[in-house]
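Peer 1: Protein sequence lines, in the order shown, are assigned to chains P and W. Here the numbering used here = 1-based position in the first sequence + 2. Here the numbering used here = 1-based position in the second sequence + 16.
Check the hints yourself; a few may be wrong.
[Said to hold, decoys possible] Distance windows between CB atoms, simulated:
1) Ser33(P) with Asp276(W): 38 to 44 Å
2) Arg282(W) with Ser23(P): 22 to 28 Å
3) Val217(W) with Ile115(P): 46 to 52 Å
4) Asn209(W) with Leu114(P): 55 to 61 Å
5) Ser99(P) with Ala176(W): 25 to 31 Å
6) Thr150(P) with Ala176(W): 54 to 60 Å
[Claimed, not checked] Rough simulated footprint, nothing fancy, chain P against chain W, three-plus residues with beta-carbon under 8 Å:
7) 78-85
8) 175-186
Simulated from the structure, these hints should not be mistaken for lab results. Just so it is clear, CB atoms sit at the ideal spot from N, CA and C, and this is done for glycine as well.
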Amino acid sequence: MLIVDKLCRPGMPSVSFDVGSGNCIAVMGPSGSGKTLLLRAVADLDPSEGRISLDNTKKDSVAAPEWRRRISYVAAEPGWWAATPEAHFSDWTAAQSLAAALLLSPSIGSALIAQLSTGERLRLALIRALMGAPRFLLLDEPTGALDTTTTEAVEAVLRRRMADGTGIVLVTHDTGQASRLADSILRFENGHAEVSAA
Amino acid sequence: MTFITLDYVDIALAAALVLINAALSLRLELGLERRFLIAAVRMAVQLTLVGLVLKALFAVASPVWTGLAALLMILFAGREVMARQERRFLGWWGYGLGTSAMMTAALLVTVFGLATQVRPDPWYDPRFAIPILGMILGNTMTGVALGMHTLTNGAVRDRAAIEAQLALGRTRSEAMRGTVRDTLRTAMIPIVNSMSATGLVALPGMMTGQILSGVDPIEAVKYQLLISFLIAGGTAMGALAAVQAGARRLCDNRHRLRLDRLAAPRD
């Protein structure tokens with residue numbers, strides 16, 4: 003269970019919500035309302051105030067790298083630090099089945115990152131996070147640049163993870179996707195954030 | 017071989033060349049004549065003052081005055097390091113980080129050179145300490161400034177890559193490793209280049225100076241080698257210290273990348 007209590011930081015309204023293991027909360031609202039800032043604060047990539055705990059462990063009581071291995075943040079524009087996708091994985095062979103499930107070509111591992119499409123990079127970043135088997139995923143528009151078929155493949159993979167107990171905080175602009183995946187919705191509107199049932 | 021003293025007529029003759037430059041500038045309407053003359057006068061005044069200061073320092077040969085002169089040189093070099101940054105660290109760090117890295121490296125290497133190789137008596141004899149510190153400091157300053165400039169720009173450029181690694185649970189030193197490595201390469205390449213070009217492309221100023229003052233070329237070369245090695249050591253040490261401390265300052269205890277600790281870029 004991920005509990006966020008009165009989390010605040012500049013540029014974002016005060017936010018409280020909780021998500022059970024295997025559940026998904028969709029975060030919706032206009033651009034610039036603070037959705038990405040929320041994910042970054044939960045991942046502890048930016049300083050924030052308020053309380054966050056995961057399975058009764060407070061954020062500040064564990065080392066930050068350990069916290070981020072449990073709660074994995076995937077940015078809307080993920081970063082890369084090597085030339086090829088496979089260099090970003092400790093075991094690329096083990097990631098092959100996920101790549102196939104996400105409709106990526108089997109040879110993509112040795113391609114050049116710079117030559118991949120935005121959609122391919124988004125899915126590779128998702129695999130990179132999933133390989134760490136985090137307890138929670140913080141996803142920033144994971145299907146933003148994808149067509150319908152590929153979006154369905156991503157959602158299928160996410161649903162399988164949820165069935166295994168992984169929780170998800172999902173930033174999305176797609177109401178259809180929110181109703182397909184989420185159990186509750188956190189709406190950012192007019193400087194407020196409110197939780198409602200999906 | 018003897019040392020040939022110059023009198024002021026000799027210098028005036030050479031200075032005539034600057035007047036010719038100024039005349040040329042007038043004739044060709046370059047608009048540089050005033051700046052030519054002002055720069056030449058500035059140089060003459062500055063160097064004369066330095067000469068007087070050095071003469072006084074050498075005459076008293078006091079550890080306190082030598083130390084004060086060294087400190088002043090370091091503080092000026094620190095200002096220069098800061099001025100060369102496109103994105104400075106905010107607060108005291110902007111001046112303090114580069115200056116302290118440079119100070120530590122330059123002092124260590126200078127004292128090492130004085131105490132174990134040159135061995136003047138006393139070891140702090142300003143006639144040796146000040147010129148050697150000056151040469152080491154000048155080069156260390158370039159290395160530190162280049163290192164910090166490359167590091168801060170690199171962290172901004174690599175932000176997505178660094179944060180992607182942090183988000184996957186890597187520590188700040190793991191996440192910064194690529195940027196730090198690129199930075200150190202950039203900061204150290206000039207030492208390699210200058211060592212390999214020395215002698216072929218340019219005769220180092222100190223060696224030329226010693227030869228002009230009557231020192232046997234082989235002895236002058238030995239001095240130059242010593243200084244070049246000290247410079248290489250000091251530059252590498254200073255750049256390493258500044259880049260490591262800078263990389264540390266760019267991250268906080270929760271292993272976050274803190275680009276908000278840098279000022280906005282200047283143009």
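Peer 1: The structure should be examined with respect to each hint, and the outcome stated for every one.
Peer 2: Verification of the supplied hints:
no.	hint	verdict
1	Ser33(P) with Asp276(W): 38 to 44 Å	22 Å, violated
2	Arg282(W) with Ser23(P): 22 to 28 Å	49 Å, violated
3	Val217(W) with Ile115(P): 46 to 52 Å	40 Å, violated
4	Asn209(W) with Leu114(P): 55 to 61 Å	30 Å, violated
5	Ser99(P) with Ala176(W): 25 to 31 Å	27 Å, holds
6	Thr150(P) with Ala176(W): 54 to 60 Å	28 Å, violated
7	78-85	violated (count 0)
8	175-186	holds (count 12)
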